[in-house]
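Engineer: Take a look at the letters that make up each chain.
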Amino acid sequence: MNALEEKLNRFVKYRISEEDVRLLIDHLKQKAPVYAPHNSGEASFSYELVEKSTDVVLQYPRTMQPIKKFFLPPKEVLLNFNIKDNTYSKPEVPEETRIFFGIHSYEMASLKRLDYSFTQGHRESNYISRRKYAIFVGISYEPDESHFSKSVGIDVEETEGFDLFLLKNDTGYFLLEITETGKKLLDGYKENLVPDREELKLEPLRFKSKIKYHHNRLPSVFDHVYKSKVWEKYAEICVGCGTCNLLCSTCYCFDIRDEVELDAEHGSRTRYWDGCMLNTFAEVAGGENFRGSLARRTRHRLYRKFRYITAKSEMLHCVGCGRCSHYCPVGISMTDIVNDLIADHEEKQKREKI
Amino acid sequence: MRKDLNIDVHHLTRVEGHGNIVVNMKNGVLQKAELDIVEAPRFFEAMLKGRNFMEVAIITSRICGICSLGHQIASLKATEKALGLEVSGQTKILRRILTDGATFQSNTLHALFLAAPDFLEVGSVFPLVNTHKDVVLAALRLKRLANDIGDVISGRAIHPIRCVPGGFTMLPGEKELKVLQERLKTEGMTDIRFIVDVIASLADKIPSFNRETEYISLTSEEEYALYDGVICSSDTGTYPVEKYLEITNEFVVAHSSSKHARFNRSSYMVGALARFNNNHQQLHPFAGEVAKKLGLSAPCFNPYMNTVAQLVEVAHCIENSIMLMDRLLSDGIRFEKPNQTPAQYGRGIAATEVPRGILFHDYTYNRQGNIVKANCIIPTGQNLENIDDDMKKLVPEIIDESKEEITHKLEMLVRSYDPCISCSVHMLDVEFIEE
Amino acid sequence: MSKPRIAFFDFTSCEGCQLNKLNLENDLLSLLELVDIVEFREAMDDTADTYDVAFIEGSISTPTCVKRIYDIRRRAKVLVSLGSCAVLGGVNAMKNLHPADWVQEAVYGEDKYLFPSMPVQPVSAYVKVDYEIRGCPMSTPEFLHVLKSIVLGRKPEIFDHAVCVECKLHENECVLDKGMFCLGPVSRAGCEAVCPENGQYCTGCRGLVSNANIAGAVGMLKRHGFSEQEARKKLQMYSSLNKLINEAECRHA
Amino acid sequence: MENFALPTEDLYSPEIATITRVETLTESEKRFEIRMPGEKALNHKPGQFVEVSIFGFGEAPISICSSPTRGPLFELTVRATGRLTDKMHLLSEGSQIGIRGPFGNGFDPGAFKGKDILFVCGGIGLAPLKSLIDYTLDRREDFGRIIILYGTRNPSEILFPEEIKTWQSRKDVEFAITVDQASEEWQGNVGVITTLIPGLELDVKNTIVTVVGPPVMYKFVLMSLKGKRIPDENIYLSLERRMKCGVGKCGHCQINDTYVCQDGPVYHYPRVKQLEEAI
Ligand SMILES: Cc1cc2nc3c(=O)[nH]c(=O)nc-3n(C[C@H](O)[C@H](O)[C@H](O)COP(=O)(O)OP(=O)(O)OC[C@H]3O[C@@H](n4cnc5c(N)ncnc54)[C@H](O)[C@@H]3O)c2cc1C
Ligand code: SF4
Ligand code: SF4
Ligand code: SF4
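Protein chains in written order, with this note's numbering: chain A, 1 to 354; chain B, 1001 to 1435; chain C, 2001 to 2253; chain D, 3001 to 3279.
Here chain A stands alone, though its shape is the one from the complex (with noise of 0.2 Å):
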């Protein structure tokens, strides 16, 4: 048995049909509202607040948004004003209780990401508000040709975060208690279940690795890479849209404008999600940019992933989730890019050698 295996098999787990998963989603909504992924298009996934627990979609590579949707909003109203008479109020974040369901173990894993973003130095109370009550439900997942996350370290199995865990097995699904918050969630809901004793076993690996070295080795691979060839490579391609940055799980960089409304007197200082990628983000008074040029847009991304905060909260910023690669409409993948880097250290090295 396995790490990974020998911590599952520590939690209480009842054996489920996907029938059940649907019963167990109607049993939560009387508990507190219940967001999960939805269709939402022809081939897209977002988390909806669940108003039929048919509509929810079990099994799905990743929704377009990352959870951090839900704590730090895409559009937010930071205040409102008066301008006449220079008031404001600073509209109420509700500290409400939500169920977060179907998550994914590398979003959770971005969600503590987001945590140590908005909690160290200044703790931000819109953040935390929204964050304090939330629960969640994780779920295991199929990887798909962009999911990475094996690579940076989370299985899909990881429970760190849940607080009840779905486990796809051949006939439906393992539900896990994971934390005390789960075990009262399923009050009411498993009576006429009885705790499975069987030992749990993972299928065999189904990630491909697909960076090249392990996880670990990688913050240190950054210290040398700075002046690589690399982001000059990638820089001829992407075309700066911003698209990694907007969707990626982790990132968390906004802007804040003042918006006033057609009396020219009420109006919201609102904040939106920005990205480094974007050619203004970093632009200077008198018009200079000291990250003008793509290559040094994307080295700021990736060095913001693997190397920057990494330091101070030892936690890699890139969780694996695939967005920026599955999106990027140029298709630039973040593991290649990381993997052309490693190459370049590596010859580099050799050639030091020599």
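Don't read these hints as lab results, they were simulated from the structure.
Mixed in with the good hints, there may be bad ones.
[Claimed, not checked] 25 Å max Cα-Cα, derived DSS-like pairs, lysine-lysine: (1) A:227 - D:3273; (2) A:69 - C:2178; (3) D:3030 - A:90; (4) D:3087 - C:2003; (5) A:190 - A:29; (6) A:84 - D:3273; (7) C:2003 - B:1133; (8) D:3030 - A:84; (9) C:2222 - C:2243; (10) A:75 - A:132; (11) A:84 - C:2155.
[To be verified] Covered stretches of chain A, as calculated for chain C (at least 3 residues, CB under 8 Å): (12) 42 to 50; (13) 149 to 163; (14) 234 to 248; (15) 257 to 263; (16) 268 to 281; (17) 323 to 333.
[What the hints assert, rightly or not] Computed Cβ-Cβ distance ranges for the label pairs, DEER-style: (18) A:26 - C:2032: 50 to 56 Å; (19) A:70 - C:2032: 38 to 44 Å; (20) A:183 - C:2027: 52 to 58 Å; (21) C:2244 - A:17: 55 to 61 Å; (22) A:17 - C:2210: 44 to 50 Å; (23) A:348 - C:2153: 54 to 60 Å; (24) C:2068 - D:3072: 58 to 64 Å; (25) A:348 - D:3195: 41 to 47 Å.
All C-beta atoms, glycine included, are put in the ideal place defined by N, C-alpha and C.
Position chains B, C and D with the ligands against the provided structure of chain A, taking the given hints into account.
Structural biologist: Relative to chain A, chains B, C and D with the ligands alone:
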């Protein structure tokens, strides 16, 4: 009797695009009475050359913001004919509703915002905000409602987004459609009733002037033809759409950057009045009542009554779209991917009624699905010769009125045609040499 | 403070932007509280001598247009170009891609000399433009935003990022996922990504973002199965005056 | 697991402060004296900044140009360059503005005790440094020589004429000023600020140098200082980046792994040398 008269209205207001009215009478002889089209030509053929069939409707929509839906519909129908793309019944119903919506919105805009100030003797709708607030508000609500039909079904009323060859990129939700239908039934019907009463009380402001001419529009056995049909002349009967060139006979005149047209007589008229004269039996009952109330009966030879015919059509379009929405909702809206795999390449000709009259698009595609030949004949162009003929008859009839009064009546005359000048100078008529 | 006197002028265009203002039904009355409309040929008879703000729609394409635009600039304190025709030359400018004579003759045949025409240019090619509102048609929220900013006496924010940004903020299904192509990644935002939101690809009606990687954009379209020539044609629908589109070298396979 | 129960901060809510005095310094710069609600002291350090906001016009970081040693009111010097700053120039005594902060690290004058201090100020860079200059002058006995070099583009852009007069007249302050382009009546130095450095007699080991100015200035000043053999450890710079939050979240002011609003705006030069994107 006045012997000399010189009128030169530079950049006529409250019409779409730039036109001047020029009247010149010397020693009792009318030398000139014409509408000069001074709008800059835009050369859409150069824009279409070699363009792929997926882009053509996007470009031709930009011929005119007011008629953008009409241009898209004509363009899509021509493309679909040329490439053998079948569209579903659902698509056709949705397009019919859009056509109703566009006619509803454009007729409302013209009748209530551009022409109505003439009846109330003010220079624009803005002063009416203070003097006739309830009327303005009702008119605004109607226009918003009409635009909402476009927004809900095609994503945007001006330069619609969702209409593509073979169908729609996205469909309205049933809920949205129900809400819209409900608003048409309540808000829409109430406001149009109220507006009709107001306009009826102003009926005596409409100049009495008659000149019988040839009226050309689409006609269809199934319905009051807007979306589709065959060509109908009040003089000579019906013709298939493919024969349009024999009807329009375009020619260039020096005073207009838009081409003129004529068929059986020296000129013909298209637009709401032509449609009314040719197809009035097929109006929905409420529209028929409106016509009666506003004193419009077929055949009507007074071009000033075109504005009234537009209001009658507003009533008709509201009723018709409610009915079509019923059909959609009872069948349920099904997701369909637009059919965009060409079955053939070649020529396709289509006609549709836009608010200002009959519109033709005619394309020929090569095997890459790119345009090699395009022609597009616009209603205002077809009306221009008729407007000139009207002026020539009208001026001598009112020659003893004051110059201001004559000018005003001429302006009102041109305006009542609701000319769409930017449209008219964007015609395409060209054969490309294949590369 | 007295109400700013604003005026609207139209040049070579489809007048869709003008019409879009008349489509402000719900806000029209509040707008009239905020400003005085002193000239708007499409909707009213009045004219004025001077304007606090002149909004210009349409591109400049005849000698008469040039005279008019100089005249308007002289009388306007602030001049705003409105819509793609005015800001970029718009679809009209595609005609510049062909020899002028061919174009004239193609439409009017031997009567071509009756109607002089010049290469299509944006308003800024002739006069100083204070602010630009892009879009085909311009978006009414953005128009209102600029107008409110001017009333308040502040510069309006003008966005210079890709349509993808707004598309992602709205969590629209990416049309690339449906097997379509899209110019959103290199086109300027401000439209709230309406086209992708309605299942249609972005045609780049607001022009390209500044500093755009055009070679990369050509490569992106090639990745979606278009030839290099076709790719440049797609980028030129609204940005035909952008010389870089033909010049940028694409090394993408 | 993060403890979400700990106290949190309303990071984006400004306090509404009052402008108590406005002084026009140049054509594009004005000085504002500000009173916080309840005449609360700001408790800032020299070199720190506040986020100033006017509703409808946005927010911007502005350095505090007065010293904390001078009572609860504080001063800002603002150049009109855009949305917020243009509007600010239209305000008068009694007008209200929003203030968040103070933010940033600021200087640690305690660490400079007993040292000579050389101030190199370019243009509006004098504003943030004035806070530290005033501080050192108010605790004059704690420091060695005080040398102020100030460069502006032309004489009409000289800030703080009153203060400059005082500095020029004080025996215990060495003050030099230069302009890039002289006017008719200008009799002083002409040339960029680096021309003032070579002539200085300095006890290089014991001299702290603080540099603030426009981005282009830094490279040249640092070269001159190197020419003087000033050790890198003795040099401090204040950097400027656009900011949206001021509290280390929005990402706009990031320079490599540092945030100007948290780890700056004052940077120790050895650190700056490790930051490729800094200057
Ligand atoms: C730590 C710190 C301290 C500072 N201290 C002071 C001080 O003491 N006094 C002072 O006057 N200033 C100071 N500044 C600078 C000040 O914050 C900026 O000038 C500020 O951004 C002005 O804001 P604004 O809203 O007036 O200008 P904005 O409207 O934001 O415009 C500022 C300038 O940038 C241009 N610009 C704005 N947005 C864009 C864009 N998207 N693309 C291209 N160009 C754009 C504008 O045209 C204008 O020239 C300081 C900055 C920092 C970081
Ligand atoms: S999504 Fe791709 S093209 Fe867009 S900025 Fe990111 S890497 Fe560049
Ligand atoms: S960098 Fe890419 S793969 Fe990593 S977390 Fe962000 S979006 Fe996901
Ligand atoms: S649909 Fe177009 S604009 Fe939207 S994200 Fe995809 S590529 Fe970008």
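Engineer: So, for every hint listed, does it hold in this structure?
Structural biologist: How the hints compare with the structure:
1. A:227 - D:3273: With Cα atoms ~15 Å apart, residue 227 of chain A and residue 3273 of chain D stay inside 25 Å; holds.
2. A:69 - C:2178: 23 Å, holds
3. D:3030 - A:90: Given pair residue 3030 of chain D, residue 90 of chain A is violated - Cα atoms ~31 Å apart, limit 25 Å.
4. D:3087 - C:2003: Since the Cα atoms of residue 3087 of chain D and residue 2003 of chain C sit roughly 19 Å apart, the hinted pair holds (cutoff 25 Å).
5. A:190 - A:29: Answer holds: residue 190 of chain A to residue 29 of chain A is near 15 Å, not above 25 Å.
6. A:84 - D:3273: Since the Cα atoms of residue 84 of chain A and residue 3273 of chain D sit roughly 47 Å apart, the hinted pair is violated (cutoff 25 Å).
7. C:2003 - B:1133: 21 Å, holds
8. D:3030 - A:84: Answer holds: residue 3030 of chain D to residue 84 of chain A is near 23 Å, not above 25 Å.
9. C:2222 - C:2243: Distance of about 20 Å is within 25 Å: holds.
10. A:75 - A:132: 20 Å, holds
11. A:84 - C:2155: Status holds; Cα separation ~19 Å.
12. 42 to 50: This one holds; 4 residues, not fewer than the three required, reach chain C with a Cβ under 8 Å.
13. 149 to 163: violated (count 0)
14. 234 to 248: holds (count 11)
15. 257 to 263: Answer holds; 6 residues pass the 8 Å Cβ test.
16. 268 to 281: holds (count 6)
17. 323 to 333: Holds, because 4 residues of the segment 323 to 333 of chain A bring their Cβ atoms closer than 8 Å to Cβ atoms of chain C.
18. A:26 - C:2032: 50 to 56 Å: Cβ of residue 26 of chain A to Cβ of residue 2032 of chain C: about 53 Å, so the range 50 to 56 Å holds.
19. A:70 - C:2032: 38 to 44 Å: Since residue 70 of chain A and residue 2032 of chain C have Cβ atoms about 41 Å apart, the given range 38 to 44 Å holds.
20. A:183 - C:2027: 52 to 58 Å: With Cβ atoms ~54 Å apart, the hint holds.
21. C:2244 - A:17: 55 to 61 Å: 59 Å, holds
22. A:17 - C:2210: 44 to 50 Å: 56 Å, violated
23. A:348 - C:2153: 54 to 60 Å: 56 Å, holds
24. C:2068 - D:3072: 58 to 64 Å: 59 Å, holds
25. A:348 - D:3195: 41 to 47 Å: Holds: the Cβ-Cβ distance is about 43 Å, inside 41 to 47 Å.
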